[in-house]
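Protein chains in written order, with the numbering used here: chain X, 1 to 115; chain S, 1001 to 1110.
Quick caveat, the hints were computed from the structure, so don't treat them as lab data. These numbers come from a predicted model, not from an experiment. Quick reminder that beta carbons are idealized off the backbone N, C-alpha and C, glycines included. Hints may be right or wrong, so weigh each one.
Going by beta-carbon spacing under 10 Å, a handful of chain X positions derived as facing chain S [to be verified]: (1) Y33; (2) V48; (3) K52; (4) E56; (5) L88; (6) Y104; (7) G107; (8) S108; (9) G109; (10) T113.
Taking lysine-lysine and the DSBU-like style, the derived pairs with C-alpha atoms no more than 35 Å apart in a straight line are [as the list claims (entries may be wrong)]: (11) S:K1109 - X:K40; (12) X:K41 - S:K1052; (13) S:K1003 - X:K40; (14) X:K18 - S:K1097; (15) X:K41 - S:K1097; (16) S:K1003 - S:K1097; (17) S:K1097 - X:K22; (18) S:K1052 - S:K1109.
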Amino acid sequence: ETGVTQTPRHLVMGMTNKKSLKCEQHLGHNAMYWYKQSAKKPLELMFVYNFKEQTENNSVPSRFSPECPNSSHLFLHLHTLQPEDSALYLCASSQSHPTGGTGYTFGSGTRLTVV
Amino acid sequence: DAKTTQPTSMDCAEGRAANLPCNHSTISGNEYVYWYRQIHSQGPQYIIHGLKNNETNEMASLIITEDRKSSTLILPHATLRDTAVYYCIVLYNQGGKLIFGQGTELSVKP
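Construct the complete structure from the given sequences, taking the supplied hints into account.
Okay, here's the thing in structure tokens:
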């Protein structure tokens, strides 16, 4: 365990379903992130939250909707996804200025398959 | 954030030292060099980071050239469990974001 917990580990959903991914950290960090990793591609930063406020959205389609109710929890709500959205979704946390320490701490990810 | 260049893949014999190079010729004075690795289908794992001086921890050593334009990650005694993709990332020290490139796929062979 890294201190960042993601659930579920695996998710299969239809294109008309609505599901949510959950991320939780108890490291005292105040920034949280969602990354997407498609097959054979580098990690892509999707969203950044600092002190519960969204500070970055990297042109992510609206079918992905993040939510950060507090500094310890981050959600990614999914609806009407496409098969090309199948990927490993990774959550990470850090202090807002991640230097002098270990930078970002990542969860183990949710493997999403859209059918 | 400065861009980095790494070889696409490398092989290393088990028990030998693995030396993974990284070029970051446009790095600025307040950017750190971070190394992460990602074992297949898991989340990236922090290895080590540094600014100017060489660094060592229980996992690896980081050698940064004097001009800071390149660095080398050294795994002193590679094991099969070190097979992973290794990412060299330059990170600005005031709220910089961790942006991943393709990394180096290291294969440790018996």
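Going through the hints against the structure:
1. Interface hint status for Y33 (chain X): upheld, as the beta-carbon distance to the closest one in chain S is roughly 8 Å, under 10 Å.
2. Restraint check, V48 (chain X) versus chain S: the minimum CB separation of about 7 Å is within 10 Å; hint holds.
3. Hint on K52 (chain X) is violated. Least Cβ distance to chain S is approximately 16 Å, over the 10 Å limit.
4. The beta carbon of E56 (chain X) is positioned within 10 Å of a beta carbon in chain S (closest approach about 7 Å), and the interface hint is therefore held.
5. Taking 10 Å as the C-beta contact cut-off toward chain S, the hint placing L88 (chain X) at the interface holds, the least distance being around 6 Å.
6. Below 10 Å, beta-carbon pairs count as interface contacts, and Y104 (chain X) has one with chain S at about 5 Å; its hint therefore holds.
7. Nearest Cβ of chain S to the Cβ of G107 (chain X): about 5 Å, under the 10 Å cut. The hint holds.
8. Taken as an interface hint, S108 (chain X) checks out: its beta carbon lies about 5 Å from the nearest beta carbon of chain S, inside 10 Å.
9. Below 10 Å, beta-carbon pairs count as interface contacts, and G109 (chain X) has one with chain S at about 5 Å; its hint therefore holds.
10. A distance limit of 10 Å between C-beta atoms decides the matter here; for T113 (chain X) the minimum to chain S is near 13 Å, and the interface restraint is violated.
11. A distance of roughly 22 Å separates the Cα atoms of K1109 (chain S) and K40 (chain X); the hinted pair therefore holds under the 35 Å criterion.
12. About 30 Å separates the Cα atoms of K41 (chain X) and K1052 (chain S), which keeps this hinted pair within 35 Å; it holds.
13. Proposed proximity of K1003 (chain S) and K40 (chain X) is supported: the alpha carbons are some 20 Å apart, at most 35 Å.
14. Among the hinted pairs, K18 (chain X) with K1097 (chain S) is consistent with the structure: their alpha-carbon atoms are about 29 Å apart, no more than 35 Å.
15. Of the pairs offered as hints, the one joining K41 (chain X) and K1097 (chain S) holds, with about 18 Å between alpha carbons and a cut-off of 35 Å not exceeded.
16. About 13 Å separates the Cα atoms of K1003 (chain S) and K1097 (chain S), which keeps this hinted pair within 35 Å; it holds.
17. This hinted pair checks out: K1097 (chain S) and K22 (chain X) have alpha carbons roughly 21 Å apart, not beyond 35 Å.
18. The suggested pairing of K1052 (chain S) with K1109 (chain S) holds, with an alpha-carbon distance near 32 Å, which does not exceed 35 Å.
Of the numbered hints listed earlier, those contradicted by the structure are 3, 10.
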